[in-house]
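Dock chain to chain to rebuild the complex, using the hints, since each chain is given by itself in its own frame.
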Amino acid sequence: MTQTVFAPWEDPGEKPLIQFKNVTKRFGSFTAIDNLTQDIYEREFFALLGPSGCGKTTMMRMLAGFEEVTEGQILLAGQDMARVPPNERAVNMMFQSYALFPHLSVWENIAFGLKRKKMPKSELDARVDEMLRLTRLERFARRKPHQISGGQRQRVALARSLARAPKLLLLDEPLGALDKKLRQDTQFELMDIQEKTGTTFVIVTHDQEESMTVASRVAVMDEGQIIQVATPDKIYEEPASLYVADFIGDVNIIEGIATKSGEDGYKINWSEGKEPFQAKTPRTLSEGQKAYIAIRPEKIAVSQDKPDSALNSIKGKIVDIAYLGNMSTYHVEIPGGLTIKAQTANTRRLSRRSFTWEDEVWLSWTLTAGSVLER
Amino acid sequence: MRRFFLIFIPYIWLLALFLVPFLIVFKISLSDIALAIPPYVPVIEWSDGWAGFKNFLSQLDLENFVWLTQDDLYWKAYLSSLKIAAVSTVLTLMVGYPIAYSMAQAPNEWRPTLMMLVILPFWTSFLIRVYSWMGILGKEGFLNQFLLWTGMISEPLQIMNTPTAVYIGIVYTYLPFMILPIYSALEKLDASLLEAAEDLGCSRLSAFWLVTIPLSKNGIIAGSFLVFIPALGEFVIPSLLGGSGTLMIGKVLWEEFFSNRDWPVASAVAVVLLLLLIIPIILFQKNEQKSREMDQ
Numbered sequence: 001m002t003q004t005v006f007a008p009w010e011d012p013g014e015k016p017l018i019q020f021k022n023v024t025k026r027f028g029s030f031t032a033i034d035n036l037t038q039d040i041y042e043r044e045f046f047a048l049l050g051p052s053g054c055g056k057t058t059m060m061r062m063l064a065g066f067e068e069v070t071e072g073q074i075l076l077a078g079q080d081m082a083r084v085p086p087n088e089r090a091v092n093m094m095f096q097s098y099a100l101f102p103h104l105s106v107w108e109n110i111a112f113g114l115k116r117k118k119m120p121k122s123e124l125d126a127r128v129d130e131m132l133r134l135t136r137l138e139r140f141a142r143r144k145p146h147q148i149s150g151g152q153r154q155r156v157a158l159a160r161s162l163a164r165a166p167k168l169l170l171l172d173e174p175l176g177a178l179d180k181k182l183r184q185d186t187q188f189e190l191m192d193i194q195e196k197t198g199t200t201f202v203i204v205t206h207d208q209e210e211s212m213t214v215a216s217r218v219a220v221m222d223e224g225q226i227i228q229v230a231t232p233d234k235i236y237e238e239p240a241s242l243y244v245a246d247f248i249g250d251v252n253i254i255e256g257i258a259t260k261s262g263e264d265g266y267k268i269n270w271s272e273g274k275e276p277f278q279a280k281t282p283r284t285l286s287e288g289q290k291a292y293i294a295i296r297p298e299k300i301a302v303s304q305d306k307p308d309s310a311l312n313s314i315k316g317k318i319v320d321i322a323y324l325g326n327m328s329t330y331h332v333e334i335p336g337g338l339t340i341k342a343q344t345a346n347t348r349r350l351s352r353r354s355f356t357w358e359d360e361v362w363l364s365w366t367l368t369a370g371s372v373l374e375r
Numbered sequence: 001m002r003r004f005f006l007i008f009i010p011y012i013w014l015l016a017l018f019l020v021p022f023l024i025v026f027k028i029s030l031s032d033i034a035l036a037i038p039p040y041v042p043v044i045e046w047s048d049g050w051a052g053f054k055n056f057l058s059q060l061d062l063e064n065f066v067w068l069t070q071d072d073l074y075w076k077a078y079l080s081s082l083k084i085a086a087v088s089t090v091l092t093l094m095v096g097y098p099i100a101y102s103m104a105q106a107p108n109e110w111r112p113t114l115m116m117l118v119i120l121p122f123w124t125s126f127l128i129r130v131y132s133w134m135g136i137l138g139k140e141g142f143l144n145q146f147l148l149w150t151g152m153i154s155e156p157l158q159i160m161n162t163p164t165a166v167y168i169g170i171v172y173t174y175l176p177f178m179i180l181p182i183y184s185a186l187e188k189l190d191a192s193l194l195e196a197a198e199d200l201g202c203s204r205l206s207a208f209w210l211v212t213i214p215l216s217k218n219g220i221i222a223g224s225f226l227v228f229i230p231a232l233g234e235f236v237i238p239s240l241l242g243g244s245g246t247l248m249i250g251k252v253l254w255e256e257f258f259s260n261r262d263w264p265v266a267s268a269v270a271v272v273l274l275l276l277l278i279i280p281i282i283l284f285q286k287n288e289q290k291s292r293e294m295d296q
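Protein sequence lines, in the order shown, are assigned to chains A and B. When we follow my numbering, the leftmost residue of the first sequence carries the number 1, and every step to the right adds one. When we follow my numbering, the leftmost residue of the second sequence carries the number 1, and every step to the right adds one.
Treat the hints as calculated values from the structure; they're not laboratory data. Computed from a predicted model, the values in this text were never measured in an experiment. Misleading hints may appear alongside valid ones.
[What the hints assert, rightly or not] Looking from chain A toward chain B, a few residues come up when the C-beta cut is under 7 Å (computed): (1) 66; (2) 70; (3) 84; (4) 86; (5) 87; (6) 90; (7) 92; (8) 95; (9) 97; (10) 112; (11) 113; (12) 116.
A virtual CB, placed ideally from N, CA and C, is assigned to each residue, including glycine.
Isolated chain B (complex conformation) (with noise of 0.2 Å):
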């Protein structure tokens, strides 16, 4: 009985404020916009009964995921958030792995100190680090004005409004989410694998490429998805440091919701976008399984 419970809670939680939500915009997705409150039709008369309801079903429809195909608006929404999200993934991964490697080589009194460092950020709301980097990344921004005076540049370069800026926004955003796995799974690396492995003719370097990389397999995979899934989502990154230039999905979701006023429309974005998420958080969660068979 005590059992059932503790796996009913989270699973009520799952429904009240997961399934029952998307089920929700997933209805609205399926009607037509309105001119009214709500602005879409159609709603559910309940004082009709069960005739109301049946009236109501038949005027669901998939007329805005047909929209979707129609304007390539969308799909180049998509593609283009896809592409971000995967770049600032890889370029996310290649900044946070040697921090994560360089942390867990650090003497042990020092790393709860390095940890607390990547953590750090975090205590300071996330829109406001955002406005920061529009300070730092602007035209009289402390970047420009560092570059002209030590003379590497000499007209300021542009940087916001552009996608550099977004990559930026984001790999800083996301970074401990890339580091703190990688760096648990190396700091349970034996060191003794790697003296074996040059006992055994490896220099250095292969040694890293043969065991350190893929012993911190798990960790890059983690870290990876950690980062991908809210990045192809990403929606305030791209519209305060990426400007007009930046076509990301998050962005048309907004506008269609919030300038056009167009709830179906937007739910229905928003149900392809799920979809799309989806599909890597399943393989995630494939990799995962996989992973915990080979253990046993």
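Extracted from the complex, chain A is given alone in its bound form (with noise of 0.2 Å):
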């Protein structure tokens, strides 16, 4: 069974929902926005995701009408947004105080974005009941927003904000108020209803795991401007520079001097009388330039012995270990004072693990486990 892969962004003849042209925002002498390029594509689960003040609230608020663009335009299914207030787009935002009205019920709240539209009471009653069924919130519809628990009014912030069919809808920061337990619950919970309802997300959050387990597509900000678009897995495993690698999960970053070897590959020289690093890359670098290699933890394995096959092995000493249950990451300091982490997954008992502090051992990885960056 042949299963299309949703990947709008990879067919050119795909027109985009939402396309940022040259934007560019400042407040006062900040620039807030810097000639920001990005389409974004319907049905899409789009994240942002960045450090505090890299810019993805602000792009959010530009999309929803609460900040002006300074240069450059949105386009909305074709249409400039310029000039067209908050309440006439057909965008809809999550906030992330959730902005629940406090003197309404969770009813009238659902309610409050549909009686905007003069729509019949009997329809009207139909969709309300039909969020509350969405969002599993039926048994609450009479309780005031102070009622109810933390994640209730979440979903009340999620219904009320689909209530209106937006073409787009904005989250801002959705689980941010939330214990990570019912985050995570409510991450699936998310990814589940924008299948259902087929509505466009973009979801703003500084949490990357979040943003990698429900987006379809996750540009990492930085300083006002979007450093790589890509899907979760390709952030993670070819990120387009240094800043990505280490924004992104945890990373072991050895810099050194470039030089060719074999078809697609380059040794790594990291340290003066050191045997170089190997790895393969689709980058082409100039002979003697500096690179990075970065590798994630989990891409190194740690034994005892000298492995004969990998290509890539070097010998070191546990100085830490964190043992996080499902997973341990050792410290290991190599010679030159460089230390790697490694990480492995525990599928023996603690009382049976193989390696403890001070003990020597060897570290190896393949040619393609790690990514050679330039920047």
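Shown next, in the form of structure tokens:
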């Protein structure tokens, strides 16, 4: 059975739902968004990921119509949004604080946007009930927002913003106020609802794990610019720069000088007099250029003896072990003072673990385990 | 034990300074006028013991309250006071709400200054401030001179000694009591609620009606009571600014007490006025209680 992969961004015939065209946004002398161009497609779950102050919230607020664009254009379904006020956009937003109306019941909160549409009573009732069912809130319809739990409030906010059937739903740190366990459950619920309603979602978050879980594409932002846009696995496995590699997950970065070796491989000379590490990359580097290898800890194997087959291997001493339950991270100091993190799954019970502090171990990884980056 | 004392002290205060004086006033309202010191009978003859007290009780009657219903001066004065208090409460709300709203919208660093400006008039004696309105509103007053100078009117306006002057006086005097509770309600209002309302299809104006007004309701109610209750018994403003044309129960009370020296009737007027005031106070407390229960 073949399944078509959802990837409208790879189809040149597909028309994007949202187009940012050379958008710049300044607040006084501060540039929040710097000449940004980006397309977002229908039915996408698009995540804007970055540290606070990177401009991700500004991008979202420009989509909602709360901030005006200083330069450039934002198109929604081909239409320029510059002069369209928030209440006339087919866009709804779920606020970080949820912004539920405290004087209205759950039912009235969800009906609020529908009433503004002058919808007939029977149709309105049916739509509110549908939203209550979708978010499993039927039992709480008559309650006020302060009488329900944080997770339920989050679902009311979602139901309220979905009720008007927007073309685009904006979610501003939607799960920020929930505890970890509830957040994970809610992430899957969000994906489920996004699939059911077929709405385009744009989510703003600083939690890389969250963006990786829910999004079809992740845009990593820094200082008003998008550094890389790709599917979660590409972002993780093939980061475009050190910034992205470092921001997403845990990573070991080894700096060195590149020399060509074989067809598409390079040797990275990372320390004087040491065996260089080898890596394959689609990039072309110039001879003698400064380069970095970024390797995820779980891609490094830890063993007692030197492995025969591995092309990259080095001996080191365990200085620290972080026990995370399902896995352990070993901090291994290698000659030259560098500390490499290596992660292994704890398939055995702790008492039978093979390595402990001060043990001498071998680290090894394959040619394609790490990404070779220029900056 | 400590808790008992903490509760006990305010109760003693209320007992000594509210309930006891009220009982004295109530007792006088049941007495008859007399040319004596004090100017009413009966007084308790402590020397006669129990018989004197019984004699005293037998002479009390509700005559003065019956009198209040017979002379239409009184119910007209009560009615007129209710009307003036109600109208000036609405006027104060209409003036005070925009002020409170713009204070709540002002940048954070400006708010203490604006708050200070609202409270500032209290630093001057209330009487002096009402007197100065006489200087503003009179025939030769600043307002008329200014309007004549601009050419908007050719004859000076008669504002002094009319109900208009009373309204101006009450609105001016009680404005801070309206502004402060509304401001404190609006200040707590989360700006993202208004953005949410706009996001859900409201215009700015309908967001104001559907979100800002309902969420400042408690402030509006508190402010209205703080204006309505003292305005109902107001005496200084109508007697200084309203002239003889304005009938208010506070003025009637003053005249009964000082001009007629009829303490029993004046006391009866005061007791009825208190009952009139207790009704809105009870309503107010019910509202407070309801909103507290809602917050739980």
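Task: Interface restraint verdict for residue 70/A against chain B (beta-carbon cut-off 7 Å) - done: This interface hint is violated because 20 Å lies over the 7 Å limit.
Task: Status of the hint placing residue 86/A at chain B (closest C-beta pair under 7 Å) - done: Result: holds, 5 Å to nearest chain B Cβ.
Open item on the list: Given a cut of 7 Å on the nearest C-beta pair, is the interface hint for residue 95/A held or broken against chain B?
Closed with: holds (5 Å)
TODO: Under 7 Å, Cβ to Cβ, is where residue 97/A needs to be relative to chain B, so tell me if that hint holds or is violated.
DONE: holds (5 Å)
- [ ] Please verify that hint: residue 112/A, Cβ, nearest Cβ of chain B, below 7 Å or not.
- [x] holds (5 Å)
Task: Status of the hint placing residue 87/A at chain B (closest C-beta pair under 7 Å) - done: Holds. Min distance 5 Å.
Open item on the list: For the restraint on residue 116/A, tell me whether the closest CB of chain B is nearer than 7 Å.
Closed with: At about 3 Å, which falls below the 7 Å cut-off, the nearest Cβ of chain B leaves the hint on residue 116/A intact, so it holds.
Task: Status of the residue 84/A interface restraint (C-beta, 7 Å, chain B) - done: violated (12 Å)
Task: Status of the hint placing residue 90/A at chain B (closest C-beta pair under 7 Å) - done: Result: violated, 10 Å to nearest chain B Cβ.
Open item on the list: Would the hint on residue 92/A be counted as holding, given a Cβ-Cβ threshold of 7 Å to chain B?
Closed with: Result: holds, 6 Å to nearest chain B Cβ.
- [ ] May I ask you to test the interface hint for residue 66/A with respect to chain B, counting a Cβ-Cβ separation under 7 Å as satisfied?
- [x] holds (6 Å)
Task: chain B contact restraint for residue 113/A - C-beta distance below 7 Å - done: It holds, given that the least Cβ distance between residue 113/A and chain B is near 3 Å, below 7 Å.
In summary, the numbered hints that this structure violates are 2, 3, 6.
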